[in-house]
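Participant: Residues per chain, in single letters:
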Amino acid sequence: MPPKRSAPAKVSAAATKRKRTEGSTSAASTNNNSADDQSELQARFIALLSQPEHQKGITNSTLKAHFGSDYTNLVPIINELTRSSKLTMSKMNTGGTAEVSFSLITEEEATKLEGLDAPSKMVYRVIESSGDKGIWTVDVRAQANIPQGTLTKIFKQLETRRLIKPIKAVTAKTKKLYMLYDLTPAKEITGGPWYSEYEFDHEFIAELRNFILMCVRRMNGGHGTGNGVTLKQIADKMTQANVSRVKLTLEEVQQLVQTLAFDYLIEQRGVTEEGEALFVAARKVTTMSEFGWWDVLDPDFHFRRVRFEDGVVLSPHEPHHHS
Amino acid sequence: MPNAFGGFLHISPLSNLSSSTSTPPSPSATLSSNCIRDYFGPIVQTVADCLISKGSLSLSELIHYITSTCVRDWNVERERLVGRLNSTIGNNAYYQGKKVHMNKARGSEGSGFVTEATHVRAALLVLLQHSLVGVSGGGKNREEGGVSRADPTSGQSHYNYTFLVDRARLLMRYPRYVEHVREVVDENAGHIVETLLIHGRMRAEDAVAAVWEVVKQGMEVDADDGEESGKDKPGKSSAVAAASAGDDSNDDEPSMEEIEAFFSNEKAEKTLNNHNKDSVKQQVLKDIVASFRKLTEAGYIEAIKPIATAQEMQDLHLKEKDVDDGINGGEFEIDIDEHGTLVDKKKRKRSKSIDGGKQSKKSKVAPQESGNANDFGGPQCNSDDPAIVALLEPLRKLIPLGSVYRVNTGMCHASLKSMILGRLVQEFYAPQQYANVKSKSKEDDNLLHVGGIVTAALTFAARQEHAPLEQILGLEESEEDKHRRMAEWGAFTPSEIAPYLPADATKAMHSKVGGPIQNLSAMLIRMSQLQYPPIVVQVEDASGHPNGGKFEICTRQLMQRLRDRIIHRILTTRHGLVAARIVSILQVKGHMESDAIAEDAMVPAKEAREILHRLHRDQYVDLFDMHMTKTHNSGTAIYLWHVVDDRLLRAMVNDVHLAILHLRLRRQHEVEVGKDWMDRAKEAGATEENAHEEDQKRYHKFCKGLERLDCALLQLDETLMVLKDL
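Chains as they are written, first to last, in the UniProt record's numbering: chain D, 1 to 323; chain A, 1 to 726.
Treat each hint with caution, since some may be false.
SDA-like cross-link-like pairs, simulated, lysine to any residue; straight-line CA separation at most 20 angstroms [what the hints assert, rightly or not]:
{"#": "1", "chain 1": "A", "residue 1": "K294", "chain 2": "A", "residue 2": "G137"}
{"#": "2", "chain 1": "A", "residue 1": "K397", "chain 2": "A", "residue 2": "A467"}
{"#": "3", "chain 1": "A", "residue 1": "K589", "chain 2": "A", "residue 2": "L640"}
{"#": "4", "chain 1": "A", "residue 1": "K682", "chain 2": "A", "residue 2": "E672"}
{"#": "5", "chain 1": "D", "residue 1": "K284", "chain 2": "A", "residue 2": "M559"}
{"#": "6", "chain 1": "D", "residue 1": "K187", "chain 2": "A", "residue 2": "S594"}
{"#": "7", "chain 1": "D", "residue 1": "K156", "chain 2": "D", "residue 2": "V138"}
{"#": "8", "chain 1": "A", "residue 1": "K704", "chain 2": "D", "residue 2": "V138"}
{"#": "9", "chain 1": "A", "residue 1": "K704", "chain 2": "D", "residue 2": "R305"}
{"#": "10", "chain 1": "A", "residue 1": "K675", "chain 2": "D", "residue 2": "V313"}
{"#": "11", "chain 1": "D", "residue 1": "K175", "chain 2": "A", "residue 2": "P604"}
{"#": "12", "chain 1": "A", "residue 1": "K704", "chain 2": "D", "residue 2": "V313"}
{"#": "13", "chain 1": "D", "residue 1": "K247", "chain 2": "D", "residue 2": "F308"}
{"#": "14", "chain 1": "A", "residue 1": "K589", "chain 2": "A", "residue 2": "I638"}
{"#": "15", "chain 1": "D", "residue 1": "K284", "chain 2": "A", "residue 2": "Y532"}
{"#": "16", "chain 1": "A", "residue 1": "K606", "chain 2": "D", "residue 2": "Y195"}
Just so you know, these hints were derived from the structure itself, not from any lab.
Throw the hints in and build the complete structure from the sequences for me.
Facilitator: So this is what it looks like as C-alpha cells:
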C-alpha cells in the first residue's frame, strides 16, 4: 500500500539526491572505490523498488535487464537487505511462468519481522495474504510447504510476538484458523450479531422477531389493519427500545423482517411514495389444511399403536394379519 | 364369530400393490382402486385395476387379461367327470336338477378373482353407469353429419375403455357435494344429488320418484317419533297438532314446515291417512321437482346422453330373450370355451340386431347393469308416476322426456371454489369485528362485503361455464357466439352478479345513495385497487361504461395464494417452521447454496443442510450439481438448491394421496377387527340382558377411534380438493 512505502521512498529520494550531487565525480572514482559503488548500486536498487509500478515486486528478469552487467553485484545487496528484513522474496506469475520477485518492506514491518527466520517470515506472509477471513493451519502447511513440527513452532513464535492470532469460524468450530493479530475477523467467520461465542443465538433472534412482530401489530393497530410500517420505522423503534445489545444495521433488521414475511406472520400491504415496502401483521386465514398427523405416511403406520391427545387409542395390528 | 385378524384384504389380483406396507408407484391410482373396492366391491376393483395397469382396453381384451390372471390350472380328468355328472344330473334326485360347478379361479370372488366374462362385463357396466370409465373408438361407418356411429355387429367396430382415476377418487367426496348442495340450494336438492350419486345416472322421473321415497321415509320416521313423544308429552303434541291442523284448513298446499309438523303428532298422522295424504304427496313432489329445476338451471346436475335410448332398450329386450351368451354388450359375440378362455376363432357377427346394426355397444350393455328396463326406459315407461310426469310436463323444454341426469362434479367444485375464495378474500380484506363495531371509515364500508362479492362473481362465472341457459334449453348457438361466450368466461358487469349477492350486501347497497348497481360498481373499483393480493381487475374501464364497467376476479392469483399457504402449513406441521421458511425462500430467490439459505433463514448452516436433505428426500426441493471440472469432484462442485413449483405441488399431492390411502386402509382394518364390538353392541341394543358395561366402554372406544380416522380423512380430502381439483 502506498502509505506503507513512505520510508523506502525517503531512502530513494536521499539516494537520488546523493546521486545527483555526486553525479559529476562518480565516473572518475568508480574504479577506485568499490564501497562507494556498492552503496550507489544499493541506492539505485532501492530507488527502483520504490517506484510505484514495482511496489508489488520486481521480477528477476526485469532486474537483469535494468542493471545489465551490474546485476551480479546486486547479490550481496539483496542478501543484506533480506537479512535485515527490509526486502522480501516471493514468486510472481508472469505470462504463465513463475519467477522470483523482490519487494521492499516498510520500516515498521521490518521492525516487526526482525529476527525471524525465512520460514517464519513465509508463514507470516501466507497468513497475511488470507486477510480478515483467516487461514486454516492445514492450508498454511500446504502453501508454505513446511513440516508440521516446524510449523507448530513457528505459529507459537509468531503468536508470542503478537504477530498472528488463532481464531475459530462459526461454520467449522473444530478448525483452527490464523489471521494477523491486528485484524478483526470477517462477519463470515464470527457469524455477525446472530452468534455469541461461536454459538448460534436462537433466543436472541426469537426475541428480536417477537419484538418486530409486536411492533408491526401495535404500530398498525392490529392484525392486517393500518397502512403499514416501513423497515426504517421498525429499525428506529428497535433502537429506541434498545432491544439489541449490539447495534443492528438496516440490512440485519431487514433480514429479520424477511424471515417473518417468509413465515406468513407479516405481509406487505403497499409501498410508500419513495418505493419503500409497508408491512402489516398478517391476518389469520383458513388454510383448509388442518391435518397434522403426518406419521400416517410411515410404512409401518398400520402396525402402530396410535394414541390421541384425549386418550383414544387405536391398537396395533400384527403384520402377518395383512395379506 | 369372524376371525378378528383374518381376511383383511384390500387389493385385487391385478393391483399394483403387493402388500399394505409397500409404497405404491402411483398413490393416486391405488387410492382410486381402494375407493372402487369400498364402494362397488372386489370384482369391480379387479376390472378397474386391470384398466389402470393396462391403460385403454376393449372388452374382449379386458376379459382376456382378467381371466388369464385369475384362472387356475385344474385337473382335466376332474373336469371331464364334472361334465359327465352334469350331463346325467337330471336323473339324479340328489342334485335336484342343479348343475355342479367347478371352481376355476385361483382365489375367491371376495378377493376379486373373476373367471366369468359376464362378471367382468357387469363390473364394467357399473363403472360406465357411474361415469368412471371413458369410452373411445366406435365404428368406421360415418353418417351424414360425419359422426362416427357404432355398429356392434360390424367387425370394424372397436371400443376402448379407459379408467378415470381422478374421477374415481371423488367417490369419497360425495358427502361433501351433498352437504354443499343442501346448503346452497335446499334440502330436497341435497336428496336429489345424493340419489343421483348413489345411482350414477338416472332419468328425471326416476330421480324424483326415488327422492319422494326418501322424503316419505323421513316423514314416517318423524311421525313415529312424534307419536312416541306425543305419548310422553301429550300437551305439547296436541298443541302442535292443533296448530298444524289449523294451518292446513286454511291452505290447500301446506309448506314443508307445516307438513313436517303434521307428522310429528297423532292428528297429523290421521290426516295423512285420509284424503290429505295425496295433497301432501303432491306438495312434496312439487317441491322436489322445483329443486330439480333449480339444480338443472344452476348446473349442479347435467343431462347426459343415456347409455341406451328407449327404442334401443326395447330392441335389446327382445334380443335378450333369444341371446343367452351373457355377452350382449361386446363388439363381437365372444364364445368362451369350457376352460373359461375366449375362443377367438368362434367369433361371429351378431345377426340379431333389429335396427340394421346401428346400435351402439353401450346401448346393448345397459340393461344388464340396470336389471330393469324401466330405469332407462324413456317415454314408453308406463310405470312412471303420473303425478311426477304431470309435474315435469311444463318443464319439458328444460327437462326433456326421458332425459338422463348425473351430478356435475365440475359445477360442485366451481361452487365450492367460489365459497372458499370468497372466505379467503373476506379474511384478507374485510374490516375486522365489523359486526360489533361501527366501521372506521368510508373505505372500510366498501370492503365489508368483499367476500360476498367475490363469491357472487365466481358463482356467476361457474354458471356461465357449467350451465349456460342457451345450452340447457337446447337453443341454437352459432360458432361465433360460442367462442365469444367462452372468451368472456369469468368477466362480468355489476348488474350480472347482483342476483348472486348475499342478502346483507344487497340490502346495504340498496340503502346507499346511487342505487345498487352504481354502488356495486364503486365497490368493485375500490377492490381493483387492492394489490396485496389482487382480487379484481377492470377488464373494461368503469368510468362512462353503460353497465358500470366490466371486471374479472383474479382467480389464479388467489388460488395460488391459498395453495402457497397450504403448502407452508403442511411443511410446518411435517418438517417444522424453518423447513417451511426455507422452501419459501427458495421459491422466491431461485437457486441458492446451503450457506446462503442458512443466512436468509437465520439458522445455523448445519441445521439448514440437514433440513434441506430431509426436504430433498421427500422430493420437495431439488439439488442442482454444477461440476467445475470434467471429472466429478465433490470438493470443487457447486451445489445449488432450488424448488420447482410443479414438482413441489406434485410431491405434496402424492403425500396427501398416500396419507388418505393409509388412513382408509387403517379404517377398513379397524372395522374388520371391530366387527365383534359392533355385533355385540347390536345384541346389547336388542336385549337388555346382553348389555355389559365393559363391552359398552370398548365399543365406544372403538367408535371414537373410527371417528378420529374419519375426521382426519375429511381434513385431508379438503386439502386435496384445493391442491388438485379446484
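Participant: With reference to the structure, classify each hint as holding or not holding.
Facilitator: Results of checking the hints against the structure:
Between the alpha carbons of K294 (chain A) and G137 (chain A) the distance comes to roughly 35 angstroms, so the proposed pair goes past 20 angstroms and is violated. A hinted pair counts as satisfied when its Cα atoms are at most 20 angstroms apart, and K397 (chain A) with A467 (chain A) qualifies at roughly 15 angstroms. Proposed proximity of K589 (chain A) and L640 (chain A) is supported: the alpha carbons are some 12 angstroms apart, at most 20 angstroms. Proximity of K682 (chain A) to E672 (chain A) is assessed by CA-CA distance (about 16 angstroms); at most 20 angstroms being required, the pair is judged to hold.
Of the pairs offered as hints, the one joining K284 (chain D) and M559 (chain A) holds, with about 16 angstroms between alpha carbons and a cut-off of 20 angstroms not exceeded. Distance restraint check for K187 (chain D) and S594 (chain A): the Cα-Cα separation of roughly 17 angstroms lies within the 20 angstroms cut-off, and the hinted pair is therefore satisfied. Of the supplied pair hints, the one linking K156 (chain D) and V138 (chain D) holds, its CA atoms being roughly 15 angstroms apart against a limit of 20 angstroms. Distance restraint check for K704 (chain A) and V138 (chain D): the Cα-Cα separation of roughly 64 angstroms exceeds the 20 angstroms cut-off, and the hinted pair is therefore not satisfied.
Distance hint between K704 (chain A) and R305 (chain D) is fulfilled; the C-alpha atoms sit about 15 angstroms from each other, no more than 20 angstroms. The straight-line distance between the Cα atoms of K675 (chain A) and V313 (chain D) is roughly 17 angstroms, inside the 20 angstroms bound, and the hint therefore holds. For the hint linking K175 (chain D) to P604 (chain A), the alpha-carbon distance of about 17 angstroms falls within 20 angstroms, and the restraint holds. For the given pair, K704 (chain A) sits about 9 angstroms from V313 (chain D) by alpha-carbon distance, which is consistent with the 20 angstroms threshold.
Simply put, K247 (chain D) and F308 (chain D) have alpha-carbon atoms about 47 angstroms apart, too far for the 20 angstroms limit, and the pair is violated. Proposed proximity of K589 (chain A) and I638 (chain A) is supported: the alpha carbons are some 17 angstroms apart, at most 20 angstroms. Between K284 (chain D) and Y532 (chain A) the alpha-carbon distance is near 15 angstroms, which keeps this suggested pair within the 20 angstroms criterion. Between the alpha carbons of K606 (chain A) and Y195 (chain D) the distance comes to roughly 14 angstroms, so the proposed pair stays at or under 20 angstroms and holds.
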